[in-house]
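Chemist: Those protein sequences? They're chains Y and P, same order as listed.
So in my numbering, spot 42 of the first sequence is number 51, and the numbers just go up one at a time.
So in my numbering, spot 104 of the second sequence is number 115, and the numbers just go up one at a time.
Think of the hints as simulated: they come from the structure by calculation, not from any bench.
In this text the structure is predicted, and so the values were computed from the model without any measurement.
Certain hints may be false.
[To be verified] Heads up, simulated EDC-like pairs for lysine to aspartate or glutamate below, C-alpha to C-alpha not over 20 Å straight-line: (1) LYS58(Y) x ASP107(P); (2) LYS58(Y) x GLU112(P); (3) LYS63(P) x GLU78(P); (4) LYS52(P) x GLU95(P); (5) LYS77(Y) x ASP94(Y); (6) LYS63(P) x GLU35(P); (7) LYS33(P) x ASP96(P); (8) LYS52(P) x GLU97(Y); (9) LYS58(Y) x GLU75(Y); (10) LYS78(Y) x GLU97(Y); (11) LYS58(Y) x ASP94(Y); (12) LYS29(P) x GLU78(P); (13) LYS51(P) x GLU97(Y); (14) LYS67(Y) x ASP96(P); (15) LYS33(P) x GLU67(P).
[To be verified] From chain P, some residues computed to sit far from chain Y (all C-beta separations above 10 Å): (16) LYS63; (17) ARG74; (18) PHE75; (19) PRO77.
Built from N, CA and C at the ideal position, the CB exists for glycine as well.
Residue strings, one per chain:
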Amino acid sequence: AQSVTQLGSHVSVSEGALVLLRCNYSSSVPPYLFWYVQYPNQGLQLLLKYTTGATLVKGINGFEAEFKKSETSFHLTKPSAHMSDAAEYFCAVSERDTGRRALTFGSGTRLQVQP
Amino acid sequence: ETGVTQTPRHLVMGMTNKKSLKCEQHLGHNAMYWYKQSAKKPLELMFVYNFKEQTENNSVPSRFSPECPNSSHLFLHLHTLQPEDSALYLCASSQDPGGFETQYFGPGTRLLVL
Chain Y
10 AQSVTQLGSH VSVSEGALVL LRCNYSSSVP PYLFWYVQYP NQGLQLLLKY
60 TTGATLVKGI NGFEAEFKKS ETSFHLTKPS AHMSDAAEYF CAVSERDTGR
110 RALTFGSGTR LQVQP
Chain P
12 ETGVTQTPRH LVMGMTNKKS LKCEQHLGHN AMYWYKQSAK KPLELMFVYN
62 FKEQTENNSV PSRFSPECPN SSHLFLHLHT LQPEDSALYL CASSQDPGGF
112 ETQYFGPGTR LLVL
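Okay, chain P solo, but in the shape it has when bound (with noise of 0.2 Å):
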């Protein structure tokens, strides 16, 4: 495997459902991110994690729940979404912290909340 990966590809809900997401880098990277992506709206930043440390959290609800037990490992619990929540959910990584680093992306996980 190089790159992110990402899984599950899809993944179908109802509301009252406990799932995980799940990414994985093969980079040597450091720092990790989740990002929501909706019709119609631009990708939104979610978390950000460095060394396995949470370092952003951008008022994201609570039922989303990160995880990161290494910098190669990266989960997004989910209990209890609203149909709302349904989207494309993108991971990347970088190299190191730095706004000048590039971020590489995974193929996302399509979410659809019933």
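For reference, chain Y alone in the conformation it holds in the complex (with noise of 0.2 Å):
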């Protein structure tokens, strides 16, 4: 079965450094890959996805991951971080040579931006 582990629940960063949020997933077939942003609130909403093609991915508000096949990975990057970047962020796998439409998601990331 797939796994998403996400390395560390809560990050902080002050506003305008460089956003790292970290993930890797477990399957010998590499899945489709999703981050989603949650803010308070507030249901989930796509940053991005990787499915075929250029392993680096932009997304919205500025954020990109790369995908990296040899590190199994999809670190998702903001090179600024903005005050209204908090929020939780997850990361999201689905299988894709089954055909299986859910998700499984990682256990997410509180990320707090410092003034």
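With the hints as a guide, bring the two chains together.
Modeler: And the structure:
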């Protein structure tokens, strides 16, 4: 079965600093990869996803992520944090070879942005 | 209304009550999902519906009973719940079946079982 590991349940950065949120997956066949963001009292919103093609994926709000097959990773980055980026971020995967529609989520990383 | 809506947003119920959660998607999608988000646990898939047919049940206890009368509406009927069922219940939809599809989430119903 698929599993997703997000290293660090809480990450704190200063405004303007680099944001790096880590995600690793476990499967022999690289899955489809997603990053979702959840703001307080809201549902999840897609930031970006990797399905095929270019391994560096750009998303909304200046975020990007790079799929690295050799490292089974899909880390999320943003060059310069903004106060509005404070939220919980979820990495998720879905199986590429079975067509199963469900997402398997990581446990989430709460991002704090300090002024 | 746009996107995915859920009602009620908050619900408090006793263990002997019966209540229902409602989800409606205004995106013309064909697949709908229920997820459970508990404190300190990853989001858990509960049910998947595709064209009104249930295609996945992730070993959910029978005290949770889903209903999908059409592709736009999804219900979760609750009865004799336990305090450990307190959580945020999220509904999502996607255009078509397929693991690569983006799922669009509603704001959730925060449920407290006393």
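Chemist: State for each hint whether it applies.
Modeler: Checked hints:
no. : hint                 : result
1   : LYS58(Y) x ASP107(P) : 16 Å, holds
2   : LYS58(Y) x GLU112(P) : 9 Å, holds
3   : LYS63(P) x GLU78(P)  : 9 Å, holds
4   : LYS52(P) x GLU95(P)  : 12 Å, holds
5   : LYS77(Y) x ASP94(Y)  : 24 Å, violated
6   : LYS63(P) x GLU35(P)  : 13 Å, holds
7   : LYS33(P) x ASP96(P)  : 17 Å, holds
8   : LYS52(P) x GLU97(Y)  : 13 Å, holds
9   : LYS58(Y) x GLU75(Y)  : 10 Å, holds
10  : LYS78(Y) x GLU97(Y)  : 25 Å, violated
11  : LYS58(Y) x ASP94(Y)  : 18 Å, holds
12  : LYS29(P) x GLU78(P)  : 15 Å, holds
13  : LYS51(P) x GLU97(Y)  : 13 Å, holds
14  : LYS67(Y) x ASP96(P)  : 37 Å, violated
15  : LYS33(P) x GLU67(P)  : 19 Å, holds
16  : LYS63                : 15 Å, holds
17  : ARG74                : 21 Å, holds
18  : PHE75                : 16 Å, holds
19  : PRO77                : 14 Å, holds
Going down the numbered hints, you'll see the structure goes against 5, 10, 14, while the others check out.
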